[in-house]
Every structure is written in structure tokens, then in C-alpha cells.
Amino acid sequence: MDFFLQQLINGITLGGVYALIALGYTMVYGIIQLINFAHGEFFAAGGYMGVILISYLSSQGVNPYACLAISLVLSMGYCALLAMAVEQLAYKPLRQASRLAALLSALGMSIFLQNGLMLTQGVYDRPYPTEITSGGFEIGAVSISYMQIFIVALTAFLLVGLNILVFKTRIGRAMRATAQDKVMSALVGINSNRIIALTFAVGAGLAAAAGIMVGLYYGSVNYTMGFVPGIKAFAAAVLGGIGNITGALVGGLIIGMVEIFAAGYISGEYKDVFAFIILIGVLYFKPTGIMGENVDDTRV
Amino acid sequence: MKRLLVLAVALLALGLLLAGCGGEEKKAEQVLKIGTMSPLTGPYAADGNDIRQGAEIAVEVVNEAGGIPGFSKIEIVSEDTACDPKQAVAAANKLINEKVPAVVGAYCSSSTIPASETLAEENIFMLTPASTNPKVTERGLKYMFRTCGRDDHQAPAAVKFMKDVEGVKTIFIVDDKTTYSQGLAEGVAAAAEAVGIQVLEHDHVNQGDKDYSAVLTKVKAANPDLFYISLQNSATGALMVIQAKRMGIDAILMGQDAVYHPKLIEIAKGDSEGMFCTFGAIDKDAPKYKEFQSKYKAKTGNEPGAYSAYAFDSATAYLTAVKAAGTTEPAKVREELLKLDFTGASKQINYQENGDSGSNYTVYKIQDGKFVPYWNSLTGEKL
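Those sequence lines, one after another, are chains A and X.
For the first sequence, the UniProt record's numbering begins at 1 and goes up steadily by one.
For the second sequence, the UniProt record's numbering begins at 1 and goes up steadily by one.
The set of hints was computed from the structure by calculation and includes no laboratory data.
Here a beta-carbon is modelled for each residue, glycine too, at the ideal position from N, C-alpha and C.
Heads up, some of the hints might be wrong.
Every beta carbon over 12 Å from chain X, so not counted as near; a handful from chain A, in silico [to be verified]: (1) F4; (2) V17; (3) I52; (4) A69; (5) L103; (6) A106; (7) G108; (8) F112; (9) N115; (10) R126; (11) A141; (12) V142; (13) Q148; (14) M225.
Just some of the chain X residues that point at chain A, by a computed CB distance under 10 Å [claimed, not checked]: (15) N49; (16) G66; (17) I68; (18) F71; (19) S72; (20) S213; (21) A238; (22) L239.
Some chain X residues close to chain A (C-beta under 10 Å, calculated; not the full set) [what the hints assert, rightly or not]: (23) K86; (24) Q87; (25) V89; (26) A235.
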């Protein structure tokens, strides 16, 4: 039982990270039907920006928690700007082109960003300061680290924030309208280019937050770190119903859990296999994903 | 006008060509190119760059000492394998086109083996500073040499240490399914069973994983005396160590030569304290090593990595043999290579008929943020 509970906690933590990255995929897909393969790179860039800022601030003697909060906000902002620049450069000129062209552009962007990180930050892993993240407590034989709680709490907080943004604000309404019909929404006075850029920015900001959390949780960042979680988060988004915000959360949690339980009860080498078997199964039996793809109200 | 322009360009081109020919006639502008192949990108880039830089320093040293008669200068040509067998073969082909007579590399045994087959077709030397899988030198390739140790020596050495020094009764093994890490882990499992150490479980993770919580929860539940980590690189090793400590695993931690790297300590910091690693004994106080270390630091700004000294010695050995043979003709150089017996930066270099150079595994303990020699597997003595 302890073993099961411990794995459950591991799964929720990992699932939370996937969910945050998946949100970006889902939102961008929802609004312009583009699978942004460069999205995993925003996650990596966020992780790097985080370690740079945290190291700098803590060397200036700033309180560790303030350090973390400031770095989180700044990295999210940085990745939001980066994403807007990428959108302007690589996707906007191709908006009228075939979907394949945009997809290839996304793949190219991913390789470009990854190599950019390698050239500017070096090939070595960059360690995160671990003082903030150590510590935790035990309930029976189940150990929970503060970092795990922090990841789950921050995921929940950001999700609530995103929901408010999408469903309670004017910008959110504009986003949903643009997702439904770009031409009609433009006719009623919505600047769809601005809304699309904003969607990219929000998605990348969430990925950056995930990047910092992963860096803190696992202890280091690497320029290749975006690739695998990117693919997993993409799977999570499809699993939950791409274009659907709640779906991304559910999909992320499922992929995280399946991975952990497959590794825990079968073997670590099978975890990716099972995550993707689930994905293939869902696509086969319910191609719209668990939560459905075209529920207009929840679609961004 | 246009025609005139074309004519002028053509004449100019021809002129350049002739000038080129003239240069050739002067002769003796012969450059000796040494290839290196190692993962310069991807997750193993840290070790890969160490290898390239080690070889570069060897060339620098020989060039400074006056080079090799008959060659105007010696150069390094580096290719990236990314630790991928296909890319390694492509890199081997590129080096063949560059007409290198010898290659220092590769890093991953899974790259070295296919690349060496390609190089062997052209009778090109391959001297590996880092591939420890026994198969590397067991295929009867005439020009395959190995400067580091072998896994079938490393595994028993590690197990002997577990039993004799630490009195371990149960172990849990994790590898990441590469030719190297899995081969070594299986060797450890077999050796452990043979001496009566119980292998509670031998599990695998995937390369590039960051999250080891699931497998570490298993380790914690199994509660072994010792947790043996056989991963392909030091950065993932560090992640595993950090996560194991946070999970509250209090088993003895032990890694192998791919995990042994200053980066492990840099990333895992205090969490790595007390961990053991097997690695070939390199006497860091020996004058040869000190000399190499200061050159390395001056050139790269870093301490030499785990395999830098082996790469340095591999390149030095080859160049020494060429100098002695007075030619790069493979059969003659091979003869000279087998005759070599010199003190390198890593160890006494003395190649055997099959290309191996003997293993001298030592167990290192991480103490105060440094790898400290702890136990000698050849003599069984504490250091």
C-alpha cells in the first residue's frame, strides 16, 4: 500500500509537469490548428532562464524564496516574449500556407532553438542550486518532498489562473471567438493576430514555469531536456482532446501516472511504451480524445 | 563585354589552378591528420568533448616538440557521433574521406563497434580511450586498440569491493540499456551471484530520462545494502543520486566509470558525498599527469574530464609509433605500437596482441567534493 501511495504521489507530480507543458500545445492547436513542435524548447529555455536568474539573485544575497518567485515570473515573461518572436518569424508568414508547411517550420524552429541553447549555454548540464528544494516529510513510509507539493500547488494555481483568463475576461472571450472562427471574429473587431500572439505567449509562459519546476525538482537542466517531455506533453494534449484545456490537465495526469506505474510495477524500460500504447488506444477508439476536441465552450 | 568577363574569370581560375600545381611541385607540404570521433552533441557531449580536447593536447605537445619528420604538421579532425551507431558509421566514412590514418574514439561502445568495422575496411587505426565493452577488442580487428580498461574486469572488481570491503549482502542494479551500461550491469549481477551476494532486482531505465522516482521507490521498498548505478553518463547519474537521496534511500551508492566525472559532484553536490565509483587508476600526482593537467587547464579552462587522459595517451601512443616507424603504413605502425611501453598521463601504456592495454580498476570515494582513491582492485589494499 505504501508502495502504491508513493508511486501515486510520484505520478501526480510528473503528471502536473506534463499538464503544464500540454496546455501550451492545446491552446496553440485550438486557436490556429498548428502543432507547435518547438513548444518543448520553451520549456527548456524557461529552465535555463530560471537557473541563470536564481544563481544570480542568490549570489546577490536575496532570500531564496523571493529568488524563486522573481525568477519564476521573469522566466515566464522571457519565454512569452520568445514565443511571440518565434510566432512572428516562423508561423505568421505561413498562416495561409498548407498545414504541412507550418508543421515543418515548427520542427525547424525546434532544432534551431535547441542548438541555440547548446551554443549559448554549453553542452554540459547546468546544476540548480539545491538549497531551496531539499527537505520534505514522511507519512508512514511515504515520503513527500516540499518540491512535490510546490509543483502540484503551482500547477493548480496556474490552471485556475488560466481558466479565469480564458472564461472570465474579455481577452479570453476574444481567444475563444478567434478559435471558433478567425474571419468572423475579425469582422466583429477582434485583432486576431494579437490574440494568436497572446495565446503563444501564455502557453510558453506555462511551459517556462514547468521548466523551472523540473530543474528544481531534478537538480539540473540540459539543452536537450525539452524534446522528450515535449513529445509526452503532446501525447497528453491529444489524449485529453487537443484544443481542450481540461483535457490537457487530464491527459497530462494520465500520462504521468501510466509512466510511473508501468515503471513501478513492470519495469522502467517499459514506461514510454505504455504511455504511448494508451495514446494509440485512445486515438483508435475515441479519436477526439477523452474530453472531446470540439466542445466549443472549453476550446481556446 | 560579357564574353570578356567570362574569359577573364576563366583565365583567373586557370591561373589559380596552375598556382596550386606549382605549390604541389614544391612538395613536402604533407599534413598528418588524426581523426577523433566522440559525442560532441547530445547527452554525452561532456565526455565527448573531453576526449576531443585530450587528443588535441597530444597533438599540440608533439607539434611543439618538433613534430614528426616527413610531415609539415599534425592536425586533429573531429567528428561527432552523438553516441548513435548510424551517425558513428557516417563519421567514420567522413574520416576515411579526410584520409586520416588513425582515429581516437569513440565513446559509447555501441558506436565504437560499428565504426571500427568501417574503419577496418580501410586499414585505419582506431584507438578507443573510453569504450569498455569486451567485444571491442574481441572481434579480431587488426587495428583496434583500447587504452582504457574492460567491463569484464570492472564488474568483478566492483563486486570484490562490495563483498570484501563493505560486506554487502544484497544489491539492487539499475542500467539504462546501452550496450555498455547493460553489459556491465549484467556482469556485475553474474559476479555478485557467484560470490553469494543476492541481486534483489536488476531494473532498467531509458536514456534521457529525468524522472527516476518510480524505480527509486522500488529501490527503497527493496531496501538493498548497496544500490549499483550503471548509467551511460555522469549527468543522469547525478540526477539519480539526487533523487535517491531525496527519496530517503540510505543504501551504499556505487557507480561505474561513465558516472565517474567531476560533473557528477558539481551537479549532485552534497548528495553525492560518500558514493563509490570504479575507474581506472590514474595517479594524479605523477609528473606526467600534472604536466598534462596544466596544459589541459590552460587550453580549455577546465579540469581534465574522466577520459581526457586516456584520449591524450591514445593519440600520443599512435604518434609515437608513427615516429618510430617513419611512415603511416598500417602494418609497420602496428608493429611499433605493440612494442611501445611508456608512462602515459593515465597509466603505463603497453598494448597487447589483441589491442587491449590491461585494466587497473580502483574504487574511488567521493569525499569533500572530490574523488578520492579508496581501494585498489589489483592488490585489494585500502588507499
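We went through each hint and held it up to the structure:
1. F4: Label violated. Min Cβ-Cβ 10 Å, cutoff 12 Å.
2. V17: Answer for V17 (chain A): violated, closest chain X Cβ roughly 8 Å.
3. I52: holds (16 Å)
4. A69: Since the minimum Cβ distance to chain X is about 22 Å, A69 (chain A) lies beyond 12 Å and the statement holds.
5. L103: Non-interface label stands for L103 (chain A): nearest chain X Cβ at 23 Å, farther than 12 Å.
6. A106: Given a closest Cβ separation of 21 Å, the condition holds.
7. G108: For G108 (chain A), whose nearest Cβ neighbour in chain X is about 17 Å away, the distance exceeds 12 Å, so it holds.
8. F112: holds (14 Å)
9. N115: violated (8 Å)
10. R126: Contrary to the label, R126 (chain A) does not stay out of reach of chain X, its closest Cβ about 8 Å off (not over 12 Å).
11. A141: violated (8 Å)
12. V142: violated (9 Å)
13. Q148: violated (9 Å)
14. M225: violated (7 Å)
15. N49: Holds, about 6 Å.
16. G66: This interface hint is violated because 34 Å lies over the 10 Å limit.
17. I68: violated (32 Å)
18. F71: With a closest approach of 32 Å, the F71 (chain X) hint is violated.
19. S72: violated (33 Å)
20. S213: holds (4 Å)
21. A238: holds (7 Å)
22. L239: holds (5 Å)
23. K86: Violated, because the Cβ-Cβ distance from K86 (chain X) to chain A comes to roughly 18 Å (cut-off 10 Å).
24. Q87: Constraint on Q87 (chain X) not satisfied, violated at 15 Å.
25. V89: violated (22 Å)
26. A235: A235 (chain X) check passes; min Cβ-Cβ to chain A is 4 Å, inside 10 Å.
In this structure, the hints that do not hold are numbers 1, 2, 9, 10, 11, 12, 13, 14, 16, 17, 18, 19, 23, 24, 25, in rising order.
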